[in-house]
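K.L.:
Protein chains in written order, with my numbering: chain A, 1 to 360; chain B, 1 to 295; chain C, 1 to 275.
In short, the hints are calculated from the structure, not lab data. Only a predicted model underlies this, so the values are computations on that prediction, with no experimental measurement involved. No residue lacks a Cβ here, since even glycine has one placed at the ideal position from N, Cα and C. A hint or two may mislead.
Think about it this way: if two alpha-carbon atoms lie no more than 27 angstroms apart in a straight line, the pair counts; the simulated DSS-like pairs of lysine-lysine are [as the list claims (entries may be wrong)]:
id, chain 1, residue 1, chain 2, residue 2
1, A, K82, C, K53
2, C, K128, A, K282
3, A, K204, A, K168
4, A, K249, A, K301
5, A, K214, A, K168
6, C, K53, A, K249
7, C, K12, B, K106
8, A, K301, A, K56
9, A, K249, A, K335
10, A, K302, C, K53
11, A, K249, A, K168
12, A, K335, A, K275
13, A, K275, C, K128
14, A, K170, A, K208
15, A, K214, A, K346
16, A, K302, A, K115
17, A, K344, A, K132
18, A, K82, A, K132
19, A, K82, A, K275
20, A, K82, A, K56
21, C, K53, A, K301
Reference listing, derived: stretches of chain C covered by chain A, where coverage requires no fewer than 3 residues with Cβ under 8 angstroms from a Cβ of chain A [claimed, not checked]:
id, segment
22, 39–46
23, 72–80
24, 94–105
25, 132–145
26, 205–218
27, 249–257
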Amino acid sequence: MHRACLAIAAIVLGALALPFFATPRLIRAQAASTGTPTLFQWEDYTDPPFLAEYRKTYGEAPKTAIFGDEDEAFAKMRAGFKPDVMGPCYYEYPRWQEAGLLQPIDITKLRNWSKISPTLRNLPGISAGPGKAWFVPLYWGNTSVTYRTDLAPEYVGHESWNILFDPKYKGRIAVLEGVDDTVPFVAHMIGVDPYNMSPADWQKVQAKLRALVKQLRFVASDDTSLAQGLASGELVAAMSWRVTYTTLKAEGKRVAYMNPPGGVFTYVCGLVMHKDARNYDKALALIDSSISDQGADYMIKKSGDSPANGFQLAKEPDAVFQSLGIPRDMDAFLKSGIFQRRLKNKDQIVNAWTEIRAGL
Amino acid sequence: MSVAGRIEQRLLRSEAARNYLLISPTMTVLVFALAAPLALMIMYSFWRESGLVLDTNPTLAQYAVATTRAIYRVLFLRSLAIASLVTLTTVVLGYPMAYFLAFRVKRGKFIWLLLLSIPFWTSYLLRVFAWKIILGYEGLINSGLLRLGLVSQPLDFLLYNATSVVIALTHSYAAFTILPIYVSLEKIDPALLEAAADLGDSAFQRFLRIVLPLSLPGVIAAAVLTFVPVLGDYVTPTLVGGSDGLMIANMIQVQFGRANNWPLGAALAVSSMALVAVLIILFVQAAQLAAAKIR
Amino acid sequence: MRAASLPSTGGKGLVLYAMLYLAFLYIPVLLLPLFSFNNSVFIAFPLSGFTVKWYGAMAADEEMRAALWNSLQVAAVASLSSTILGLLAAKVLVRRVPGRALFAGLTSLPLFIPDIVLAIALLMLASKLEIPLSLATVVIGHIVICIPFAVAVLISRFHGVDEDLEEASRDLGENAWMTFWRVTFPLVLPGIVASLLLTFIVSFDDFLIAFFLCGTDTTLPVYIWGELRFPYKLPNVLALGSIILVASGSLIAIAEWLRRFGGGRSCPPVRVGYR
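Let's have the full structure, built from the sequences with the hints guiding it.
P.N.:
Structure representation (structure tokens):
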């Protein structure tokens with residue numbers, strides 16, 4: 001019988017499957033019980049420079065798991081996944097705290113805590129009592145509008161977020177999908193405090209969102225689509241993070257990042273510790289390792305987000321600050337912006353936004 | 001013969017017992033793995049959640065929301081429309097390909113099967129991005145048209161709407177359609193076709209009276225294997241659908257993630273599952289009736 | 001064999017169609033290598049010069065290679081297991097067994113349950129049973145979603161495989177296993193190959209279940225999904241996709257070489273069976 005083809009398939013599959021059974025997975029998983037902590041983070045933040053200090057201290061590599069979306073990460077933990085250190089953003093972690101997933105972090109034991117910019121160390125709500133914090137800032141970035149200076153020259157020097165509503169650019173605008181970015185943005189534009197909205201305020205914001213949707217080419221679930229759209233000229237302006245701007249600038253595209261009179265939004269992301277962390281000291285060391293100078297240096301060079309560890313950043317030459325687009329006095333800059341924090345009634349807002357997007 | 005041997009003989013002789021034994025590993029895996037999701041879904045759909053607090057008093061509130069709020073109706077109908085269109089195009093486009101593979105390729109069928117599968121070994125996300133490159137503003141089609149001077153501005157209706165979702169999904173699910181159809185066409189005995197030819201049937205008549213009915217199980221399988229997953233696909237609509245392309249799966253996803261309302265998500269899941277199951281059953285019945293009529 | 005001389009099964013039109021169809025399948029995918037050599041982070045025309053730096057970056061990206069390797073292993077195990085389980089089920093489902101409808105419904109059920117529900121529920125199950133998350137849990141999740149595909153493909157092959165043949169074989173003295181191996185198995189061979197291919201694709205492409213059920217070892221779709229947040233990483237992913245293409249292409253070359261080496265016999269057999 002001509003079984004040659006099945007033989008090929010079986011051989012290839014067998015060759016792939018064999019290593020699977022060869023590595024004793026349950027045993028490896030048991031190793032976790034010796035307390036080696038697991039870091040559950042956005043993808044780039046599990047790279048070696050963030051783990052280097054930990055490795056030096058304990059002589060072992062910590063385990064890492066990644067997520068691409070905080071909501072999925074939250075669902076995964078609620079369903080039973082137990083990492084030790086996690087990396088949510090400032091507007092997201094309160095939900096995790098309320099779900100009973102976190103425990104306070106002893107900041108007196110963090111060697112690198114004092115290197116973090118004072119404004120960030122004193123973010124409202126992160127303190128868990130003297131010497132303790134729920135949330136350790138790791139990096140920050142901005143949310144504003146990136147726009148093509150060659151396609152919308154009239155806005156150069158007259159920067160305003162109203163470009164998103166400019167009828168001239170209908171169909172060439174994009175915004176981010178997350179309500180934590182888009183809703184505060186739009187609320188701010190009509191003078192509403194997004195973090196203290198009355199029902200009447202919320203109605204106004206919804207109306208503005210409906211007007212916005214008519215202008216959109218698409219709603220971006222990821223940064224890459226935004227950057228691609230702006231690069232090709234498909235988009236004239238997009239509500240985006242600073243990193244979109246720096247990536248485009250680095251490739252020589254004619255873009256600018258708006259710094260309008262009202263100030264820009266700032267998101268801060270950092271580290272929290274799981275309530276059931278297997279080894280408190282090791283988890284602490286892992287946090288310390290992430291906010292170290294080495295991590296900060298790596299961030300500056302690679303990811304386009306700015307490190308919370310201002311100590312390392314201060315050592316860099318002016319050129320670096322220019323390419324990042326931020327002034328030298330990081331602290332002052334942070335004070336002038338608006339921190340993106342937790343929205344009240346987020347579930348309601350999410351549902352409303354989804355309906356508005358669908359055209360209802 | 002030993003006692004055990006005799007029991008084994010009797011067991012094996014009992015046809016039903018033999019069958020149950022054969023199917024038991026598969027059933028065990030399924031029951032074990034599916035009991036939890038089903039139980040979870042059904043239980044949660046009768047509960048309520050506000051903030052992070054689960055209220056386990058049974059209530060039909062979620063089903064009320066799922067069936068009355070306009071958005072779920074709109075999205076469900078849109079998803080049905082897109083899924084039906086995708087299924088139709090993949091089956092219609094894929095059938096001739098499967099036919100070619102089954103009847104015209106004499107040697108190296110396995111090579112062809114591999115050839116047809118390889119595009120699907122690059123990751124799903126990459127394939128969707130590839131369609132963005134083709135349909136995009138400075139993409140393949142637009143650059144080509146501009147270069148040839150056929151248009152002065154890039155066409156912007158190619159991407160970020162329901163059409164691009166259909167195109168991308170038709171591409172992504174091609175393998176799901178071709179393989180089942182191929183398998184059932186492959187089975188057809190050429191002797192039947194020869195006999196029909198000898199008796200005077202034309203090529204078209206042979207196709208209609210022999211090939212089509214005999215391949216119908218494969219076509220039905222292909223349709224179901226394409227329709228149901230497409231209905232549950234939320235990635236492609238997110239990436240190339242624009243605001244126009246949201247499907248019901250996105251909504252269910254949102255309830256379990258962002259909106260943090262597992263009960264509503266469960267109710268939506270149960271409702272859409274039930275509706276789809278009914279539709280599929282109706283479809284299969286209709287298809288089998290049609291097959292009987294052709295014969 | 002007279003099939004070769006059957007008056008046109010489609011004629012030249014069909015060959016042309018097949019070529020066009022292949023083009024439709026491949027053009028999007030061939031764009032990946034094209035832009036993986038493009039000297040720009042952004043994928044748009046016109047091209048901006050040739051470079052291999054993305055391949056260098058990809059080679060240096062240990063996590064991505066690990067993710068690819070994990071995905072391959074998981075897909076291999078999942079496709080083999082689900083095909084075997086599907087084979088057992090399909091064999092029974094084509095016969096008149098009491099309770100057949102129930103079994104059939106159960107094997108298609110995973111297809112109808114939304115992925116997110118399945119993923120979360122299986123994770124909750126694993127936590128309750130205190131099973132640590134790893135690629136093994138991902139494999140189990142994948143086997144569950146692959147079974148409907150395996151069963152569907154195999155059933156359409158099993159239809160019409162004559163029970164009499166098997167009975168005859170048994171009457172002639174063969175035991176059950178040998179009957180299967182020498183009579184049934186060759187008849188359903190194309191179905192098995194198709195099932196392996198299809199379930200491999202299903203497992204390799206799955207994102208949601210892999211995300212929820214994986215521990216510290218990720219799979220490729222999960223990794224790529226995380227990468228999308230960083231625009232400058234897209235070309236690395238394209239480079240990876242191109243490597244996958246080339247590797248699979250070489251698989252074809254090997255298969256073709258084996259075929260010629262095996263004396264040019266067609267594979268799987270062109271026509272087997274008496275029904």
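K.L.:
None of the hints should be skipped; say for each whether it holds.
P.N.:
Results for each hint:
1. Restraint check: the Cα-Cα separation between K82/A and K53/C comes to about 38 angstroms, which exceeds 27 angstroms; the hinted pair is violated.
2. The suggested pairing of K128/C with K282/A holds, with an alpha-carbon distance near 26 angstroms, which does not exceed 27 angstroms.
3. With a C-alpha separation of about 23 angstroms, the suggested pairing of K204/A with K168/A holds against the 27 angstroms cut-off.
4. With a C-alpha separation of about 15 angstroms, the suggested pairing of K249/A with K301/A holds against the 27 angstroms cut-off.
5. Under the criterion of a C-alpha separation no larger than 27 angstroms, the hint pairing K214/A with K168/A is consistent with the structure, at around 12 angstroms.
6. The straight-line distance between the Cα atoms of K53/C and K249/A is roughly 19 angstroms, inside the 27 angstroms bound, and the hint therefore holds.
7. Our distance criterion of 27 angstroms between C-alpha atoms is met by K12/C and K106/B, whose separation comes to about 15 angstroms.
8. Only pairs whose Cα atoms come within 27 angstroms are accepted, and K301/A paired with K56/A is accepted, the gap being roughly 22 angstroms.
9. A hinted pair counts as satisfied when its Cα atoms are at most 27 angstroms apart, and K249/A with K335/A qualifies at roughly 26 angstroms.
10. Between K302/A and K53/C the CA atoms are separated by roughly 16 angstroms; this keeps the pair inside 27 angstroms, and the hint holds.
11. Note on K249/A and K168/A: the hinted pairing holds, with a Cα-Cα distance of about 24 angstroms set against a maximum of 27 angstroms.
12. The straight-line distance between the Cα atoms of K335/A and K275/A is roughly 31 angstroms, outside the 27 angstroms bound, and the hint therefore fails.
13. Under the criterion of a C-alpha separation no larger than 27 angstroms, the hint pairing K275/A with K128/C is consistent with the structure, at around 18 angstroms.
14. At roughly 15 angstroms between alpha-carbon atoms, K170/A and K208/A fall within 27 angstroms of each other, so this suggested pair holds.
15. For the hint linking K214/A to K346/A, the alpha-carbon distance of about 23 angstroms falls within 27 angstroms, and the restraint holds.
16. Of the supplied pair hints, the one linking K302/A and K115/A holds, its CA atoms being roughly 20 angstroms apart against a limit of 27 angstroms.
17. Our distance criterion of 27 angstroms between C-alpha atoms is met by K344/A and K132/A, whose separation comes to about 25 angstroms.
18. Taking the CA atoms of K82/A and K132/A, the gap is about 22 angstroms. The hint holds against a cut of 27 angstroms.
19. Distance restraint check for K82/A and K275/A: the Cα-Cα separation of roughly 9 angstroms lies within the 27 angstroms cut-off, and the hinted pair is therefore satisfied.
20. Straight-line distance between C-alpha atoms of K82/A and K56/A comes to about 25 angstroms, which keeps the hinted pair within the 27 angstroms bound.
21. Taking the CA atoms of K53/C and K301/A, the gap is about 17 angstroms. The hint holds against a cut of 27 angstroms.
22. Interface restraint, the segment 39–46 of chain C with chain A: holds (5 residues with C-beta to C-beta distance below 8 angstroms; minimum three).
23. Judged by the Cβ-Cβ criterion of 8 angstroms, the segment 72–80 of chain C is covered by chain A as claimed, because 8 of its residues qualify and three suffice.
24. Coverage of the segment 94–105 of chain C by chain A is violated in this model, with 0 residues showing a Cβ closer than 8 angstroms to a Cβ of that chain against a need of three.
25. Figure legend: the segment 132–145 of chain C, annotated as covered by chain A; annotation consistent (6 residues with Cβ-Cβ distances under 8 angstroms, at least 3 required).
26. Using a Cβ-Cβ cut-off of 8 angstroms, 6 residues of the segment 205–218 of chain C lie near chain A, which meets the minimum of three, so the contact claim holds.
27. Check on the segment 249–257 of chain C: 3 of its residues sit with their Cβ under 8 angstroms from a Cβ of chain A, so the three-residue criterion for coverage holds.
The structure fails to meet hints 1, 12, 24 from the earlier list, while all remaining hints are met.
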